[in-house]
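Chains A and B are the protein sequences, given in the same order.
Just so we're aligned: the first sequence equals residues 4 to 191 in the working numbering.
Just so we're aligned: the second sequence equals residues 3 to 701 in the working numbering.
Treat the hints with caution; some may be incorrect.
[To be verified] Selected chain B positions facing chain A (Cβ under 8 Å, derived; list incomplete):
id	residue
1	Arg20
2	Thr24
3	Thr34
4	Pro35
5	Pro36
6	Pro223
7	Gln225
8	Thr227
9	Glu231
10	Ile463
11	Gly600
12	Val635
[What the hints assert, rightly or not] Have a look at the derived ranges for each label pair, beta carbon to beta carbon:
id	chain 1	residue 1	chain 2	residue 2	range
13	A	His64	B	Ala405	44 to 54 Å
14	B	Val132	A	His64	57 to 67 Å
15	B	Arg685	A	Pro159	50 to 60 Å
16	B	His198	A	His64	29 to 39 Å
Note that these hints are calculated values from the structure, not bench results.
Beta carbons: idealized from backbone N, C-alpha and C, even for Gly.
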Amino acid sequence: MDPSRGRDDGAQQPGATGDRSTLTLHINGTEQTLTLDHRTTVLDALREDLGLTGAKKGCDHGQCGACTVIVDGRRANSCLLLAVAHDGARITTVEGLADGDRLHPVQEAFLDRDALQCGYCTPGQICSAVGMLGEAADGFPSHVTTRTAPVSAPAPLDAPEIRERMSGNLCRCGAYPRIVEAIEDVAP
Amino acid sequence: MSQAPPPLGTPAARREGRDKVTGTARYAAEHTPPGCLYGWPVPATIARGRVSAVHTDEALALPGVHAVLSHDNAPRLKQPDDPILAVLQDDRVPHRGWYIALVVADTLDHARAGAEALRIAYETTEHDVVLSENHPGLYTPETVNGEYPAVRERGDADRAFAMAPVQVDATYAIGALHNHPMEPHASTAQWTQDGHLHVHDSNQGSTTVRESLAAAFGLRPQQVTVVSEHVGGGFGCKGTTRPQAVLAAMAARHTGRPVKIALPRRQLAAVVGHRPPTVQRLRLGAELDGTLTSVSHEVITQTSTVKEFVEQAAVPARIMYGSAHSRTTHRVTALDVPSPSWMRAPGEAPGMYALESAMDELAAALGIDPVELRLRNDPADEPDSGRPFSSRGLAACLEEGAARFGWYDRDPRPAVREEGPLLVGTGVASATYPVYIAGSSASAHAATDGSYRIQVNATDIGTGARTVLAQIAASVLNTPVENIRIDIGSSELPDAPLAGGSSGTASWGWSVHKASTALLRQLRECTGPLPAEGLTIFADTEQETSEKSPYARHAFGAQFAEVAVDSRTGEVRVRRMLGVFAAGHILNPRTARSQFIGGMTMGIGMALTEGSTMDPVFGDFTESDLASYHVPVCADVPEIEVHWIDEDDPHLNPMGSKGIGEIGIVGAAAAVGNAVRHATGVRLRSLPLTPDTLLPYLL
Ligand code: FES
Ligand code: FES
Chain A
4 MDPSRGRDDG AQQPGATGDR STLTLHINGT EQTLTLDHRT TVLDALREDL
54 GLTGAKKGCD HGQCGACTVI VDGRRANSCL LLAVAHDGAR ITTVEGLADG
104 DRLHPVQEAF LDRDALQCGY CTPGQICSAV GMLGEAADGF PSHVTTRTAP
154 VSAPAPLDAP EIRERMSGNL CRCGAYPRIV EAIEDVAP
Chain B
3 MSQAPPPLGT PAARREGRDK VTGTARYAAE HTPPGCLYGW PVPATIARGR
53 VSAVHTDEAL ALPGVHAVLS HDNAPRLKQP DDPILAVLQD DRVPHRGWYI
103 ALVVADTLDH ARAGAEALRI AYETTEHDVV LSENHPGLYT PETVNGEYPA
153 VRERGDADRA FAMAPVQVDA TYAIGALHNH PMEPHASTAQ WTQDGHLHVH
203 DSNQGSTTVR ESLAAAFGLR PQQVTVVSEH VGGGFGCKGT TRPQAVLAAM
253 AARHTGRPVK IALPRRQLAA VVGHRPPTVQ RLRLGAELDG TLTSVSHEVI
303 TQTSTVKEFV EQAAVPARIM YGSAHSRTTH RVTALDVPSP SWMRAPGEAP
353 GMYALESAMD ELAAALGIDP VELRLRNDPA DEPDSGRPFS SRGLAACLEE
403 GAARFGWYDR DPRPAVREEG PLLVGTGVAS ATYPVYIAGS SASAHAATDG
453 SYRIQVNATD IGTGARTVLA QIAASVLNTP VENIRIDIGS SELPDAPLAG
503 GSSGTASWGW SVHKASTALL RQLRECTGPL PAEGLTIFAD TEQETSEKSP
553 YARHAFGAQF AEVAVDSRTG EVRVRRMLGV FAAGHILNPR TARSQFIGGM
603 TMGIGMALTE GSTMDPVFGD FTESDLASYH VPVCADVPEI EVHWIDEDDP
653 HLNPMGSKGI GEIGIVGAAA AVGNAVRHAT GVRLRSLPLT PDTLLPYLL
């Protein structure tokens with residue numbers, strides 16, 4: 004036997020064990036039941052176990068936003084979420100935004116404004132924008148929101164607000180000015 | 003019938019845009035063949051020495067771990083064309099972060115756990131990782147990156163400087179910078195029964211990577227297929243093959259299974275290349291009317307002990323401004339550091355930061371407006387070679403930029419524009435980037451249904467290559483662009499050079515233009531109906547692109563910035579930026595604008611946020627992840643205005659284009675730095691201009 008080879012796959016349990024659990028995620032409206040290693044993040048479950056590679060891995064450490072998806076209505080860095088802790092969660096990824104052939108208005112605006120280059124940050128930017136629009140509608144303030152702004156009324160989104168609220172999503176291609184224009188197009 | 007719009011120069015939308023906004027565009031790590039294993043590379047944790055033992059027992063005992071590769075058992079490579087690819091071949095550790103092992107397992111979690119369980123013993127040798135101006139190892143290389151001579155002298159620069167009534171003698175320093183494309187380098191490799199190697203790889207040119215993998219594994223290029231359909235940015239650090247491709251192919255051979263490797267972000271700084279630090283001394287001598295008499299640009303930089311790469315930072319001074327006397331030199335020392343490589347506008351980006359900062363200092367010393375000083379020194383011919391410029395749009399860019407920006411409204415005195423606690427200022431800098439072009443091949447096919455298909459192994463790293471190449475073909479074939487199908491991103495397509503040196507569109511485009519032109523001619527000659535299989539023409543441009551041009555060919559630009567510096571915190575905010583570029587004929591204004599903006603954005607990072615320090619004790623880049631290495635975020639980037647002067651330059655290529663991917667970063671950092679100086683009166687000569695560096699001067 005080649006000493007550099009480890010155990011056979013056969014030694015592993017397919018089902019739940021001490022370090023694996025079975026859980027259900029509702030992804031883009033479809034129920035998915037998976038048995039996953041407890042260390043598996045939502046991002047890896049999407050990309051490696053479910054083949055939903057729209058959410059990207061840029062850093063795996065919550066530093067870039069490429070993995071942004073919408074979890075129970077709020078945007079989140081899926082590389083920071085352990086799947087086992089999200090049994091029952093409703094997750095929307097970039098693949099789930101369009102309505103059949105009809106793109107989500109944010110996707111449409113990104114295309115119209117050429118708000119992407121390499122496209123690697125784009126799914127995260129788009130999910131983040133969708134989540135951010137929801138946060139603003141719900142009256143969440145940001146660091147640049149004036150202190151006198153009415154509490155819990157929808158926060159108005161001008162360019163500085165959008166820039167601030169989108170700063171968790173890095174774009175090394177530098178598409179930011181175009182991303183801001185695209186979001187302005189769909190912001191109320 | 004409606005008239006087809008002229009396809010070249012029109013703002014055609016990105017062809018793969020829909021795939022990218024819906025998440026269906028697949029990148030290198032997003033192919034998972036059945037039975038695919040995951041590789042986790044293990045970096046050295048010493049800065050110099052040898053691996054004395056790799057203890058694998060604990061790692062191999064973990065569930066799911068299939069193999070551990072190290073120099074003890076990794077397949078031997080034949081002849082890698084780049085020494086950075088000779089991984090796991092011997093026990094030498096040339097720098098911290100050099101790959102010394104690879105763990106292969108059935109899942110990512112198992113592979114990472116295996117890598118953590120590996121125990122490595124080292125023999126450590128003393129290391130030398132700090133660049134200094136009097137480092138004993140400094141030497142003058144023969145050539146610098148781009149194959150330019152390391153040293154050029156004209157006249158007597160020292161004497162002319164000594165005699166000049168106005169002098170600037172200043173030294174600028176830039177630390178290491180990291181490319182950090184958003185997609186980390188990744189490869190999925192698989193060997194088939196017949197010994198063919200298939201790789202999905204994230205790179206800037208898969209023809210080059212195919213050749214390199216063939217050389218490394220002792221194969222014929224035809225036995226290797228490299229696919230790079232979508233690439234999540236590169237900016238130089240995916241220019242040629244990087245270790246992940248070699249490791250994935252090794253592991254796939256060793257295990258007999260497909261293997262996927264996506265490099266962890268924190269490992270990138272050490273293994274994919276970076277912009278090396280530079281220390282640049284500028285000496286400018288001028289007459290009282292601003293005429294430059296002496297220009298000296300002397301660069302000190304570092305490379306690794308693995309290979310020689312010399313950032314050609316003094317090269318732009320050879321073409322920018324006229325002066326009777328000039329000296330441009332580079333010296334380098336090989337340290338126990340990661341190997342440097344290309345990062346967006348290597349040479350020009352750091353070199354023009356120094357030169358354009360010095361020009362600003364000279365303008366201040368002379369009391370001449372900085373735009374005017376540059377205009378007064380705009381040469382008729384290229385100073386270094388004496389060759390005429392094929393076109394030189396610097397003056398036009400400066401003039402148009404100054405008018406659009408409202409430059410002349412400024413009070414030239416520093417530190418006089420206060421808005422409460424904010425100090426506001428404006429700055430300008432020139433930009434330049436050479437015209438590179440390489441031979442390429444392409445095929446053009448006419449189908450019986452009247453549609454066309456273009457094939458060329460171009461790579462789209464975010465530039466919009468598919469789109470512009472289809473436009474080029476459509477313009478030649480006089481057909482709507484929708485009528486062109488285009489295939490790029492696979493080494494099975496006609497060979498093409500990599501996306502680098504801002505040369506992609508010119509190089510690939512020329513071969514597309516040539517193939518399309520020949521196809522059109524054939525179609526015109528063809529009287530009867532087309533044969534059922536259609537008509538295919540193959541063309542390559544080796545010959546036309548190898549002819550040396552009698553002209554000096556460069557793109558130029560002018561960058562303007564307005565900043566506000568908070569006198570309480572030292573924080574610099576860019577308020578607005580404006581760039582005007584003269585880069586030949588702009589073939590797609592929509593995607594071109596995005597590229598210019600992207601370059602300028604990276605320039606804001608270079609000026610204000612991006613900095614990497616070498617830890618002298620550990621021999622490590624301290625800022626190796628995106629939490630500590632600060633690429634600009636959305637809130638750092640204000641409105642950026644981009645304009646261009648459409649040049650009609652017949653000495654370039656059939657499309658009349660110059661490259662646009664890199665010039666946007668050139669001069670941007672100097673414009674910001676000059677604006678900070680105008681705002682505050684403080685001239686800092688090292689980047690980035692972080693609050694802690696500025697604040698002591700503002701209190
Ligand atoms: S991959 Fe999750 S934040 Fe970067
Ligand atoms: S489009 Fe390339 S990183 Fe944003």
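Subject >> glutamate 231/B as chain A interface residue, shortest Cβ-Cβ below 8 Å >> reply: With a minimum Cβ separation of about 11 Å from chain A (threshold 8 Å), the hint on glutamate 231/B is violated.
Original post:
Taking the closest Cβ pair, is proline 223/B under 8 Å from chain A?
Top reply: violated (27 Å)
Original post:
Is the shortest C-beta separation between proline 36/B and chain A less than 8 Å?
Top reply: violated (12 Å)
Original post:
Measuring from the C-beta of isoleucine 463/B to each C-beta in chain A, is the shortest one below 8 Å?
Top reply: Holds. Min distance 6 Å.
Subject >> Interface hint status, threonine 34/B versus chain A (Cβ within 8 Å) >> reply: holds (7 Å)
**OP:** Could you say whether the range 50 to 60 Å given as a hint is met by the Cβ separation of arginine 685/B and proline 159/A?
**Re:** violated (40 Å)
Original post:
Do the numbers back the hint for valine 635/B, that is, is its least Cβ distance to chain A under 8 Å?
Top reply: holds (4 Å)
Subject >> Hint check, threonine 227/B versus chain A [nearest Cβ-Cβ separation less than 8 Å] >> reply: Hint violated; threonine 227/B Cβ to chain A Cβ min 21 Å, cut 8 Å.
Subject >> Interface hint status, glycine 600/B versus chain A (Cβ within 8 Å) >> reply: holds (3 Å)
**OP:** Against chain A, run the beta carbon of arginine 20/B and see if the smallest gap drops under 8 Å.
**Re:** Constraint on arginine 20/B satisfied, holds at 7 Å.
Original post:
Against chain A, is threonine 24/B within 8 Å by beta-carbon distance?
Top reply: Since the shortest Cβ distance to chain A is 6 Å, the answer is holds.
**OP:** Go through the hint on glutamine 225/B and say holds or violated, using the shortest Cβ distance to chain A against 8 Å.
**Re:** Violated, about 25 Å.
In this structure, the hints that do not hold are numbers 4, 5, 6, 7, 8, 9, 14, 15, in rising order.
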